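Student: Sequence:
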Amino acid sequence: HLGGNLVYRNSYSISPAITATTVAGADGALQDGTILFYSLSADNARGTELRDNKGEGATNTGVFAQQQLVLKNRFGVDIGARWDRIRYDYRSYMNPRLDDVKSFARVTPRIGLNYRVRPTHSFYASIGGGIEAPAANETDPASTFGQDTVTALNPLLEPIHSTTYEIGTKHVLPVRGGMLSAFSYEVALYATRVTNEIVPYRGGRFYFTAGKADRRGLELGASLLGSGDLQLSGSLTMSRNRYAEYTVDSVHYGRPGHSADYEGNEIAGVPSLFYSVSAGRSLSASIPLRLEVGLRGIGDYFVDDANTVGVPAYHTFSATASTARGVKLGAFAVKAFVTLENLADRRYIGSAFVNPDVVNGVPLAFEPGAGRTWIFSLTLERR
Numbered sequence: 001h002l003g004g005n006l007v008y009r010n011s012y013s014i015s016p017a018i019t020a021t022t023v024a025g026a027d028g029a030l031q032d033g034t035i036l037f038y039s040l041s042a043d044n045a046r047g048t049e050l051r052d053n054k055g056e057g058a059t060n061t062g063v064f065a066q067q068q069l070v071l072k073n074r075f076g077v078d079i080g081a082r083w084d085r086i087r088y089d090y091r092s093y094m095n096p097r098l099d100d101v102k103s104f105a106r107v108t109p110r111i112g113l114n115y116r117v118r119p120t121h122s123f124y125a126s127i128g129g130g131i132e133a134p135a136a137n138e139t140d141p142a143s144t145f146g147q148d149t150v151t152a153l154n155p156l157l158e159p160i161h162s163t164t165y166e167i168g169t170k171h172v173l174p175v176r177g178g179m180l181s182a183f184s185y186e187v188a189l190y191a192t193r194v195t196n197e198i199v200p201y202r203g204g205r206f207y208f209t210a211g212k213a214d215r216r217g218l219e220l221g222a223s224l225l226g227s228g229d230l231q232l233s234g235s236l237t238m239s240r241n242r243y244a245e246y247t248v249d250s251v252h253y254g255r256p257g258h259s260a261d262y263e264g265n266e267i268a269g270v271p272s273l274f275y276s277v278s279a280g281r282s283l284s285a286s287i288p289l290r291l292e293v294g295l296r297g298i299g300d301y302f303v304d305d306a307n308t309v310g311v312p313a314y315h316t317f318s319a320t321a322s323t324a325r326g327v328k329l330g331a332f333a334v335k336a337f338v339t340l341e342n343l344a345d346r347r348y349i350g351s352a353f354v355n356p357d358v359v360n361g362v363p364l365a366f367e368p369g370a371g372r373t374w375i376f377s378l379t380l381e382r383r
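Position 46 (the sequence shown) corresponds to 46 in our numbering; numbering is contiguous.
Note that these hints are calculated values from the structure, not bench results.
Please note that a few of the clues may not be correct.
[What the hints assert, rightly or not] Label-pair restraints from in silico Cβ distances:
| id | residue 1 | residue 2 | range |
| --- | --- | --- | --- |
| 1 | Met238 | Arg46 | 47 to 55 Å |
| 2 | Arg46 | Thr247 | 38 to 46 Å |
| 3 | Lys328 | Gly130 | 43 to 51 Å |
| 4 | Arg325 | Ala222 | 23 to 31 Å |
| 5 | Leu113 | Phe366 | 38 to 46 Å |
Note that the coordinates shown come from a computational prediction; the quantities given were computed from them, not determined experimentally.
Ideal placement from N, C-alpha and C gives every residue a C-beta, glycine not left out.
Working from the sequences, and respecting the hints, build out all of it.
Tutor: If you want it as structure tokens, here you go:
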């Protein structure tokens, strides 16, 4: 794995009222290696039969530039763009007919506006994009019963690219009197159009891309600070995620020539609700111990494109005790915490396969979430 980057950055004044920052650069990374797959012996150790011998390589190259202008420390503009090129190179040393090379390239522009009403209150808006190349298991999924004999690279995949529109505000308010000292909040609205969203089928045995998908949502965050290192915080994300264009054939279900149109269905595997709430406080100035409790929840969602197999919503509680400032031991300081996750030992579905296999009418989709779990950490620092 080799890589590097070069970045130029220069901040300067155009006039007494206008400051500017110019950023430009390039980066690149290469990863390459060989893989050997052997059979399994009767006791699940490595067998003697070499099943596959191949090499997989990927090169990622990018060039970017960004210009920022700030007027009177109140109004800011950011304009930039990035060009990416990702190249895959797969070689089979057992069956050279499978050798393949595929490249993805795209330019993604960005523009952002920011207006500062006062030092602690600002509004912003942005338009941006992105590109994401398929992962290795998506470009070369495991062969099913020797059926994958066309090429070492999945010919159905194209790069995922997106355009996102976002507006929002951030505000910090001082609170006078009482136990509270400050209140801050953030609000953001976003809309993203994704082209070539990757969708797994048959338990991830192969992948292809949906035409277009829309993701729209609202994000809220708030925090209260008070005496005694008191902090109350919470976050909420509500979204609507739908396929905008998506037609898939059903050859893999033994129905050649048939197809299904999933336009308007919810995107499989994406919950539309996330939320969390936490409260923490140090016990006293003389006792370096901080206690915190939290709640985290996820809404229900579907795991298949037809929206027939669902995962129910769930929430879990947690509790943490930590040494907030560290305990001095001579020339050292000890910092530690212990967290109890899933405090109520709640049973829930932690994850699920998207578009799972169906055996005897039952989808093999669900994996249980972790039960009550202890997490310990200890750090020793020399001062």
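Student: Now tell me, hint by hint, if it's right for this structure.
Tutor: Hints and how they fare:
1. Between Met238 and Arg46 the beta carbon distance is about 49 Å. The supplied range of 47 to 55 Å therefore holds.
2. Against the hinted window of 38 to 46 Å, the Cβ-Cβ separation of Arg46 and Thr247 comes to about 43 Å, which satisfies the hint.
3. Between Lys328 and Gly130 the Cβ separation comes to about 47 Å, which falls inside the hinted range of 43 to 51 Å.
4. With their beta carbons about 26 Å apart, Arg325 and Ala222 fall inside the hinted range of 23 to 31 Å.
5. As the Cβ distance of Leu113 to Phe366 is approximately 44 Å, the hint placing it in 38 to 46 Å holds.
The structure agrees with every numbered hint stated previously.
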